[in-house]
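K.L.:
Listed below are the residues making up each chain.
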Amino acid sequence: MAGKSGREISAVPQGGIKKTLLSWEGALLVVFIAINIFGVIISPNYNATNVLREMQKYLAEVFIMFGMGFILVLGDIDISVGSIVCLSATMACLSGNAGLPFPIVVLITLGVGLICGMINGLIATQFTELPTMIVTLGTQIIFRGIAEVSLGSGGSVSMQDVKGLMALGTKIGPFSISFILVIVSAIVFITILNKTSFGRKLYAIGSNKTAARYAGINVEKLRFICYSLIGFLAGVCGLFLLASLYGANTTTGNGFEMEVIAMCVFGGIATTGGKGNLIGGFIAAFVIICLRIALGQRNINTQLILVIIGAMLIVSVVIPAISGAITAKKKRASVN
Amino acid sequence: MEKKSLWAKLTASREASLLVVLAVLLIVISILSPTFLSFTNVRQILLNNTLTMVMALGMLCVMLTAGIDISITSTLAFAGMTIGMLQKYDILHNTFLLFVIGSAIGLVCGFLNGIIIAKGKVAPIICTMGFMYIWRGMAYVISGNAWASGQDVAGFSDFGKDGSIGPYIILLVAYVTFFIVMKWTRFGRRIYAVGANPEAARISGINVDRTITSVYMIMGFLAGLAGVLSVSIYASAQPNMQYAKEMDVIAACVIGGVSMSGGRGSVVGTFLGALIIAIIAKALPLVGIDAIAQNLVKGIIILAVVILNVITQRMMDRQNLLRREL
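Sequence order for the protein chains is A and B.
Residues 28 to 363 in our numbering are what the first sequence spells out, letter by letter.
Residues 31 to 356 in our numbering are what the second sequence spells out, letter by letter.
These are computed hints drawn from the structure, not numbers from a lab.
Note that CB positions come from ideal geometry on N, CA and C, so glycine has one too.
Keep in mind that a hint or two might mislead.
Okay, the calculated bits of chain B under chain A, using three or more residues with CB under 8 Å as the criterion [as the list claims (entries may be wrong)]:
id	stretch
1	151-161
2	280-292
3	317-328
4	332-340
If you want the footprint, here are the derived chain A segments under chain B, 3+ residues with CB under 8 Å [said to hold, decoys possible]:
id	stretch
5	142-156
6	264-272
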């Protein structure tokens, strides 16, 4: 699939307009438009204003998606992000209630996320023998454990002074601050991954770690940076989650890691590393968000949405497998 | 042949070192709280962890083939909700048939996982993540977001209520069967072979795809069985039951020495791993640590165990290298 990324080395030149239109991102864009048409048909309230308003509660997760894209391209995985969101949101509430000014609270929220990410990165780079799934499984339980201990027996906390959080939730024109930030970070992170040497090195590591090391890439340093980045973005997510929830409890951010990985995979980023594109992940995130809003407006059981998302995920990974098998068969037939 | 020292033996066998850890743990806890090892306590620890222990066996098989299955608790909820609803609407009350139906549902769920992973060459974590959403959603959909209460499952819950020996028998049968199958049957050894080196296994005539599919079917079957057991033990069925508990099962396997890259791990190790987590969870309040800190301690132990494992492995490698130099 050259159209998907153009990254695979092949002796035969591949590409062309038809291939680009048939690429994964192209298909996602079609799906995105289809979902929006579908939304307009099934719900009379499905218009730009409403969608932008309702989008706000889902947008926080998209920040983590960018970091997860980096991690997956590396061939790693981070399942501790949901717990980092929980811990940073908890610390924000506790420090806010302790009377600290809002800018300091913001710094603490982001700082907690960054430190958690750095801890992950440190363990993952010091003990490279360990699969990152195990490392982040351990820290997932630890980070949420710390949040549970700091929340105490009540298990929840709400922000008393919500002025600062309200300011975060305000709108500039029709767009909320989080929406604008998501778009800006999308541009920044897509550029980093596609156009800078840092981004291209991540693909090199993801395709072949040993080769990347021999090519002079400081593999462990880059991995550490990516883990710190996703931790920081989880902190950002925690902050914007607070802007719509005004509080945290022990289940805050539960399952976020899987939802974010689902967005990436649906967007064509392979968990085996070295393949995929953040543009795909970005479109996929909005496909899922718009689907949720459309179905939610029709009062369709939120749990049924889970079934649909799961089915989309399975279909999106099975299609490349089947098409790959068919091309392989054709190739074999032509050789014979 | 030179005789290995006791220390070398202990560090070489994961099961032996786990036994030592378990023994030290039990001694320390018994000193701090002399009543800990009472019959009732031990019985309750086993009963409360039956689900994790049963599913850990399936996870062992899956992880031996370098796979992972995070859909298990959703399968559990789907199977459990189905049999809960069968009783709620008075369609079926036969305990044995309910067990068969629940396990069969799990088997089908596992088959879907297995066929997609084996034939479609889809990464196990992604495929099972999709089904994690699907089966959890289906559990809500078939129940219409409602519960099956204790009254609905009244007769059935006798099987798993405190004092009944049903769950223990299932646990015992499962572990003995798996111990034998994994150690001495052709099927069990095939799983190890596929996990250690799929290419070599294929060349030596093993049907790798079929082995992988059957491993996920075993996992699904056990998850379905755990769903039925869960309804029976907790005397209710809720769509969100055991939510996010699949990580506990994986943690039990990891502590028990099952390698995530496949080919390494044993039934005894898995049992000891699950037991260590269970005992720590139960003992924390007794030794004066707040139950709130339970997850924190559990996470630290998981990380400590895997990191220690890496460090000892590195030391052993270095010693082997030094020996070769001489």
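K.L.:
Taking beta carbons only, do three or more residues of the stretch 280-292 of chain B come closer than 8 Å to chain A?
P.N.:
holds (count 5)
K.L.:
Three residues minimum, CB to CB under 8 Å: does the stretch 317-328 of chain B make the cut for coverage by chain A? Let me know.
P.N.:
holds (count 8)
K.L.:
Can you tell me if the stretch 142-156 of chain A counts as covered by chain B, using C-beta to C-beta distances under 8 Å and a minimum of three residues?
P.N.:
holds (count 3)
K.L.:
With a Cβ-Cβ cutoff of 8 Å, does the stretch 151-161 of chain B contain at least three residues near chain A?
P.N.:
holds (count 9)
K.L.:
With a cut-off of 8 Å between beta carbons, are at least three residues of the stretch 332-340 of chain B near chain A?
P.N.:
Answer holds; 5 residues pass the 8 Å Cβ test.
K.L.:
Go check the stretch 264-272 of chain A versus chain B for me, would you? Three or more residues, Cβ under 8 Å, otherwise it fails.
P.N.:
Violated: only 0 residues of the stretch 264-272 of chain A have a Cβ under 8 Å from chain B.
Checked against the numbered hints given earlier, this structure breaks only hint 6.
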